[in-house]
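Q: Between the sequences and the hints, there should be enough to build the whole structure, so can you do that?
2 protein chains.
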Amino acid sequence: MLKNDYLGQDCSVARALEVVGERWTLLIVRELLRRPRRFLELKRLTGVAPNILTTRLERMAEMGIVESSAVSDKRDWVEYRLTPKGRDLFPVVNALMAWGDRYAAPSGPPVVVGHKCGHPAGHRLVCQCCGEELRTEDLHIMKGPIPR
Amino acid sequence: MLKNDYLGQDCSVARALEVVGERWTLLIVRELLRRPRRFLELKRLTGVAPNILTTRLERMAEMGIVESSAVSDKRDWVEYRLTPKGRDLFPVVNALMAWGDRYAAPSGPPVVVGHKCGHPAGHRLVCQCCGEELRTEDLHIMKGPIPR
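So the protein sequences, as listed, match chains A and B. Once you know that position 73 of the first sequence is 73 in the working numbering, the rest is easy, because the numbers rise by one and skip nothing. Once you know that position 102 of the second sequence is 102 in the working numbering, the rest is easy, because the numbers rise by one and skip nothing.
Just so you know, not all the hints are guaranteed correct.
Where chains are identical, the list cannot tell them apart; a pair therefore holds if satisfied intra-copy or between any two copies.
Below 27 Å or equal to it, Euclidean Cα-Cα: the simulated DSSO-like pairs (lysine-lysine) are [stated by the list, open to error]:
{"id": "1", "residue 1": "K43", "residue 2": "K116"}
{"id": "2", "residue 1": "K116", "residue 2": "K143"}
{"id": "3", "residue 1": "K85", "residue 2": "K116"}
Just so you know, the hints here were simulated from the structure itself, not pulled from any lab data.
A: Take a look at the structure:
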């Protein structure tokens, strides 16, 4: 566990990474964002070793990110899906995809996310207040916590 | 290394995680997004053990995420800063912060990012084409690569 003092790690980034800061976790989330999957599908799609996949899915269930349900009486026909808390990781996966598309995809983006408007959704992050695109040079840190 | 076939891992998320899929890396990026830092400051602010921090910074320099320069003749007065490639990780850190604020900050967000417009920037992700806020249910996968 990380230390829990302010200058150290009373930080939502650190706390989020406590839950998802492991490569396989976000690759599993990536697959489940598309649709629910069975164990063997997840194994094939992510390339994760079965023992690691089992451990990860258990941990993700404990953290409330995935849930599973039997889709048949056959023993291993269990389907895994994201909870709302898990689906809310979409912006993290989307931001990683944007960065990877830019810096680690020499042949162009392997996959593009389309929006219902009929065009690629892209990765546009804007100020919730004025709507302007966020650039790091326009941002500053305001210490919290702020009242909800 | 991950396998490099399509269904497996010819995926920008996987490739991004090859570079930043390690908790300390993104915590170091988080600190350097604020401003350049010296080694001992980074150690204090992230809580990373010195040997791990050294290895991480070397790796991040190799990957073109950080660069360093001497700010004094004294041996350890070297300052680390993000390159443009490193600063482009801001949306990843921002998305992790949003998720952590929502699900792992019982006392409210420890830190708020302010925009130059004078208000909190928030974490609003919109379609680059129609400007509507992105919701996972409105998205679909279009396979790439698409021409640049």
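Q: Are any of the numbered hints broken by this structure? If so, which, sorted upward?
A: Failing hint: just 1.
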